[in-house]
Amino acid sequence: MDSASASFDSALIPEGVKRCKLKWFLLWIGILHGPVMVGVVATLMCWGLALNVTYLNNNFPFGLWIAADLGVIALGAGAFFTGFLRYILNIDELKNIVNFAVVIGIMCYAAAQAILGVDIGQPLRGWFIFWHANVHSMLTEVAFCITCYFMVLCIEYLPLILENRQINKIGFFHGMAHHLHEAMPTIAAIGVFLSFFHQGSLGGVPGVLYGRPFAFREGFLVWPWTFFLFILSAIAAGPCFTILITWITEKFARKRLVKRNVIDILARISGRLLVVYLVLKTIDTVYWVSIAGKVGAPFSSFYANHPYGYWVLVLELGILGVIPAIILLSTKARQNENLLVIACLLNCAGIFMNRWIMTVQTLVVPVMSFDKFVSYHPNWVEYASTLLYLWLGAIFISITYRYLPIFPQEKELNPL
Amino acid sequence: MFPFIFDWVSDPVHYVFMGSVYTVLISLVIILHYCAIRAFLDVICKKGKGDHNHD
Amino acid sequence: MLRNARQAGLEPIIPSFQYSIIPWPRPGFSLCGILHLLSHQGGPGFSFGGIVQLLSRQGGPIAKRSEASFYEGVTMKEAHHKGHGKTYKYGMVVDLDKCTGCGACMVACMAENNLPFRKDNSDRLRSSLWMRVYKISNGLPFPDMEISYIPRPCQHCEGHGHHAATPCVSVCPACATDYSHETGIVSQIYTRCFGCRYCMAACPYHVRIFNWWDPTWPKGMEKYLNPDVSVRMRGVVEKCSFCYHRLQRARNKAYAEGRREIHEDEYQTACTQACPAGAITFGDLDNPEHKVYELKKSRYAFRLLEELGTNPKVYYVSTRDWVRKAGDVYTGKKGNDVMPA
Ligand code: SF4
Ligand code: SF4
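Protein chains in written order, with the numbering used here: chain A, 1 to 416; chain B, 1001 to 1055; chain C, 2001 to 2341.
This is chain A alone, in the form it adopts within the complex (with noise of 0.2 Å):
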């Protein structure tokens, strides 16, 4: 029974690389069904019973949703940035991890687009955004762009399909994966215009609101300062993420899987990127008082209403801030691996708290004077309908881990 099961599936496991046998991989993903399931009950309620399940109300339209939503595409951004270090800056060492880059970048963008169908109050009128397309809204924007980068993830994601090892004995798909391979600079290319645009435009969501002094900046012809701020912060945030879920991996896979130096270009860059996006964040912040001042906004004012006090401008900036830059910056420290871990994880939760301010504490902030401050945080509908995705992330990883060659330098740093 037990050699049985252990072979069941050997002959699709990539050769020369070592795998759990079948019965420890098929209880590790019934496992992760138990909360795939709450989250699926979850999502099934906000479909059938509407969003009254949720503690949404007419202050907060925007929640933990959309801002978890901005939160994973900034950290997908791993995929497109790692592509365009590797197809198109040529940094060739990085080709031993942007194929793990690219299964993150379609978890995310998967989540995000799901995430989406569930917090739209007519989820069946979601394609209302692609055929009454309102091209002047940032949101609109944002739908096309992640919808097609999507599919370049998947495009991306096809010639590892194709290299499994059954399949690539079909003459066809092993043409198909190196003609596929030999297209990929020009795919990277078509994802970074893409992603260049969405993570652009979800940081215009915010931005474009003039009627909310909070979130409202100038900008750059039709694009507000959190368009680029928003780039910037994904790009320094989404390597780091790679990082963290390729470690999260090694531990589970109990055996390294990427080379240190591949790790260390990584890091090195997201620690450059987050000091460049640290200084223009704090300019984007000086500057942004001032105008919001003239509307009779006083800096204070936004920070007036506890919980949203000052102490979210330190921990965003300083200690999600800072701290991840200077430990990124540091050859020492980034040798640490437990120091690279914390960093890394600093730094993506710094991204998410950034997404999270800029969605939630918008509409916390009234902006007539006799409106109340209400307080909002999600219930376990949101919570669990949101996690879902991290469950779901998990099984397509093992899965993918299991049967594809993801990682080109495994079979070296463990021979059999």
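Check each hint, because a few of them may be wrong.
[As the list claims (entries may be wrong)] Below, in silico cross-link-like pairs of lysine to aspartate or glutamate (EDC-like), each with a Cα-Cα straight-line distance of 20 Å or less:
| # | chain 1 | residue 1 | chain 2 | residue 2 |
| --- | --- | --- | --- | --- |
| 1 | C | K2135 | A | E412 |
| 2 | C | K2098 | C | D2321 |
| 3 | C | K2086 | C | E2266 |
| 4 | C | K2325 | A | D371 |
| 5 | A | K372 | C | E2146 |
| 6 | A | K169 | B | D1042 |
| 7 | C | K2325 | C | E2307 |
| 8 | A | K294 | C | E2306 |
| 9 | A | K259 | A | E412 |
| 10 | A | K372 | C | D2123 |
| 11 | C | K2253 | C | D2214 |
| 12 | C | K2135 | C | D2097 |
| 13 | A | K294 | C | E2307 |
Simulated from the structure, these hints should not be mistaken for lab results.
Fit chains B and C with the ligands to the supplied structure of chain A, relying on the hints for placement.
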């Protein structure tokens, strides 16, 4: 999405936006077809088998 | 049924058989009928009716017939987008010194516009109110304490200068809400809105409300629903329309009588008529013959959050300084210790 059929708006942003969307979609379709056709030709010409180098 | 979309002047004025209470698919062959039904689609879409509407929008024979009624030499589409031909700018002036906070306007609005309610409607953050009366006070202790009420319909923002577009209109990804340059009214297409709620985030006045529940009325009450206003399905955003159906009715009447103009008193919103104190005045802000024209020029007139550049069409008048100040952006100033009613 289909500006020619539905509400055609003569507005530069509309042209640029829809133009980019269609360019991207068409490029992706062309790339996929190009790869598939090349792979198909490889198979029927029985050449270049087994000596590809993937990375 | 009434599609407020067409409000903006796109709708061929006349056939009132279009208006029914419940979102009802148009008769005729519908390719995507099932999808439409699934998505509670009431409007035309791809249906036969839709094609007719499209033809009429693109200046087909149907449009030709009706557009002649109000706009000479311009298509309705042009009148809508560019405001060519005769344009109006409907707006409101509310005298806060007269308002007693009785809430009659809120009730009238709910009845006129078929607003749903629940058994326990006390959760103000989730209940549906198009017109909402805020209660504010100057925050001073007893003998000096003063109270004022601020009725707040949709401000029908126009936007100007740097912010050329209405806050909520420019952000809607599906063109489900629109600013009509012909009437100055911000419309909402319930059958096109898919409930992303971006417009709610954009509106600083908390005007827009989301349908968190399926609309329900106590048994028998659905017989009292206004047949001129469609009820909204759950999952879409709605807001005050300045009783647009009343404008349509007035126009139809004028058309039937061979007139090109409607009188001031032919088009009045429900809240205006319901206000026992006569605090609300409604009319064309650009028409010197309308009362609002002079009222809005009062030196005591102000608008809410004027500094943001939303350019609202609802003016408020108060001789009290602190009330006028309360219309500003939140400033953290003392003396505005105010609370909603
Ligand atoms: S008040 Fe709000 S909903 Fe009304 S037009 Fe202005 S922004 Fe839009
Ligand atoms: S909720 Fe409806 S009206 Fe508002 S922005 Fe979204 S689609 Fe447009």
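How the hints compare with the structure:
Restraint check: the Cα-Cα separation between K2135 of chain C and E412 of chain A comes to about 73 Å, which exceeds 20 Å; the hinted pair is violated. Of the pairs offered as hints, the one joining K2098 of chain C and D2321 of chain C holds, with about 15 Å between alpha carbons and a cut-off of 20 Å not exceeded. In summary, the hint linking K2086 of chain C to E2266 of chain C is supported, as the alpha carbons are separated by about 18 Å, within the 20 Å threshold. Under the criterion of a C-alpha separation no larger than 20 Å, the hint pairing K2325 of chain C with D371 of chain A is consistent with the structure, at around 14 Å.
Between K372 of chain A and E2146 of chain C the CA atoms are separated by roughly 19 Å; this keeps the pair inside 20 Å, and the hint holds. A threshold of 20 Å between alpha carbons decides the hint, and for K169 of chain A with D1042 of chain B the separation of about 14 Å falls inside it, so the pair holds. Our distance criterion of 20 Å between C-alpha atoms is met by K2325 of chain C and E2307 of chain C, whose separation comes to about 12 Å. Distance hint between K294 of chain A and E2306 of chain C is fulfilled; the C-alpha atoms sit about 12 Å from each other, no more than 20 Å.
Distance restraint check for K259 of chain A and E412 of chain A: the Cα-Cα separation of roughly 10 Å lies within the 20 Å cut-off, and the hinted pair is therefore satisfied. The straight-line distance between the Cα atoms of K372 of chain A and D2123 of chain C is roughly 14 Å, inside the 20 Å bound, and the hint therefore holds. Note on K2253 of chain C and D2214 of chain C: the hinted pairing is violated, with a Cα-Cα distance of about 34 Å set against a maximum of 20 Å. Only pairs whose Cα atoms come within 20 Å are accepted, and K2135 of chain C paired with D2097 of chain C is accepted, the gap being roughly 13 Å.
The hinted pair formed by K294 of chain A and E2307 of chain C meets the criterion: a straight-line CA distance of about 8 Å does not exceed 20 Å.
The structure is inconsistent with the numbered hints 1, 11, although it conforms to all the rest.
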